[in-house]
Amino acid sequence: MSDRILGGVGLLLALFFIWQATLIQESPFSDIVGPTVFPIIICAVLGLSALYFLVKPDAEPTWPPAARLFEIAMAVAVMLAYAQLLPVLGFLIATALASAYLTWRLGSPPLQSVLVGVLTSGGIYLVFRVILGLSLAKGPFGF
Amino acid sequence: MDVLASLGDGFAVAFTFQNLMLAALGCFLGTVMGALPGLGPSNGVAILIPLAFTLGLPPTAALILLTSVYYGAMYGGRISSILLNIPGDEPALMTCLDGYPMAQQGRAGEALALSGVASFVGAFLATWGLVFIAPQLVKVALLFGPAEYFALFTLAFATLGGISSTNQAKAAFAATLGLLIAMIGVDGQTGVPRFTFGEVHLYDGIDFLVALVGLFALSEVLIFLEHRHGESDAAHKKIEIGRITPSLSMLKYCTPTMLRTSVLGFVAGVLPGAGASLGSFISYSMEKRLVDKKGTFGTGDPRGVAAPEAGNNAAAGGALVPMLALGVPGSGTTAVLLAVLLAMNITPGPLLFTQNPDVVWGLIAALFIGNFMLLAMNIPMVGLFTRVLLVPPRILMPIVAMVSFVGIYGISGSSFDLMVMVAFGVLGWILRKLDVPLVPIILGILLGNAMEANLRRAISISNGDWSTLVGSPLAIGLWVIAFVGFILPIIFGAALRRRMRLARAKEDEGELVD
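Protein chains in written order, with full-length UniProt numbering: chain W, 1 to 143; chain X, 1 to 514.
The shape of chain W in the complex, shown without the other chains:
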């Protein structure tokens, strides 16, 4: 079933992009082929391969149970929040929070996770900011 869904999504994607390609305005300076032909050729191959596993799917992969999926979704949410908060909170604080969360969810006890988070953040800061001189995000406290 998973492969069929992938096939369906792939097919819709191909059709959507072909439709979008037809909307591209042709430039007066265009070459013979133009900017739309190649994307349409790609979409055709994409659509055909999607059609293949729509018809002939592989064996079902083992998806994690709901609780585990929720775990993954939460981790993704934390990473997205990290991306947003990095310029706001600054590298040290944001990274300590995010890596503490990930360490905790990968099976460390809470107190240890906080410690690991702080050490990870400080360690990366030391190596990349202090030693290598990369510009990491600055926060409200100037670091």
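Among the hints, erroneous ones may be present.
Stated by the list, open to error - Some, not all, of what chain W presents toward chain X, calculated at C-beta under 8 Å:
1) V76
2) L102
3) L136
Stated by the list, open to error - Stretch by stretch, here's where chain X covers chain W in the computed footprint (C-beta under 8 Å, at least three residues):
4) 17-29
5) 40-52
Source of the hints: derived by calculation from the structure; they are not laboratory data.
The structure displayed is predicted, hence computed values, not measured ones.
All C-beta atoms in this analysis are idealised placements derived from N, C-alpha and C, irrespective of residue type, glycine included.
Given chain W, work out where chain X should sit, using these hints.
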């Protein structure tokens, strides 16, 4: 003999203090990444590429760092195969078969040292192969026009799925997905925006680095989160190493094996799309056929450790031949390295040798130096690397994630790019579950624009005549290879992978493999 003169110039490039330091650093980090189960050469290089860019390294230096990581990871993969019976990466799968039994017999140190020497022999001979064969291939490639290049790109995609996926439709899906992502942004030839949906951030297209780090590094973190939670870490067993100097008689005993499998592995590496996994598998199988008269393979025979290690490291070197000479990667990791070349505005392929000889030959010289460094690191210092296996993934994986963010943020300083990277991480996780290979996606993003440009140029030159794409014997030849390369894995690829898995499964049950 001008090849040797060029190589000499290359050594002059490689023997600067900075480049030597970078090679040493790369070898060390690569070995660590290779040793850790789950983090193979592609992931290792993927995490480090953004750093190479943010540090503002010049092209040669960056390439030296990353290829050292590549070679290092090929060396490191064997460590966890031997000590834990968990391959550090796919090419190291076959090393489990005899390496782990040796370790169980208290000969882990010997197995590690021998495999280190075998890795060295394989990589060293393959690097010489690279020196002599790549320039010959370049001569052919200089005859290429736009139509031939278009055929060559198609060949790259057709063969890349290879044995990296069991399903060629999925490999094609991945490649076209990558190509489609490449189409996002302003069209280089007419300046018309394509598939940007009015989003200003998309006018520049999607940076392959963002996609690469998301697909490889972040998806790995998600996979760990899925599997590792709450389980006791397998790596926390007590590891006994024993003596680490292999006896001279054992080295002598294994020398013919190492030489044969180095050649075999090199050939497997040069063939596009086959790569190191095939190199180690056929090396082990051939040696077993050839020398295993008493049926000792699979019970801790040193030759069974030497064969796959020489084979996979030779394949890693071989895979650099088409990457450097044609701009077509011979394996997943060389696809990633090709990405670095392209991103540094260095045209991959034949012109590389004439326009940037310092880059090519400096790189090849650095490979030789790196090999000696790796040999030095992997015999006396092997105890250090085995310590790395004691770092639990619950601490390691968050560091991988955070370093990935640092790398991308350091380049662009944009939260939007970080969000796109997370999205690619999720996509990577889903696609890996569905057995869709990730490397063709990266290659598609990278080569998409050049592929389109060559097609458009070829058709323009011929005044709209599409038959120009098959207008020369060279082009026809490339199309035929592409076609065969796409079809062959359908016949052999699945069977080969099944046999690799089966060989491993059978060994686990203590049976002998055919």
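Structure-based check of all given hints:
{"no.": "1", "hint": "V76", "result": "holds (6 Å)"}
{"no.": "2", "hint": "L102", "result": "holds (4 Å)"}
{"no.": "3", "hint": "L136", "result": "holds (6 Å)"}
{"no.": "4", "hint": "17-29", "result": "holds (count 8)"}
{"no.": "5", "hint": "40-52", "result": "holds (count 8)"}
The structure meets every hint from the earlier list without exception.
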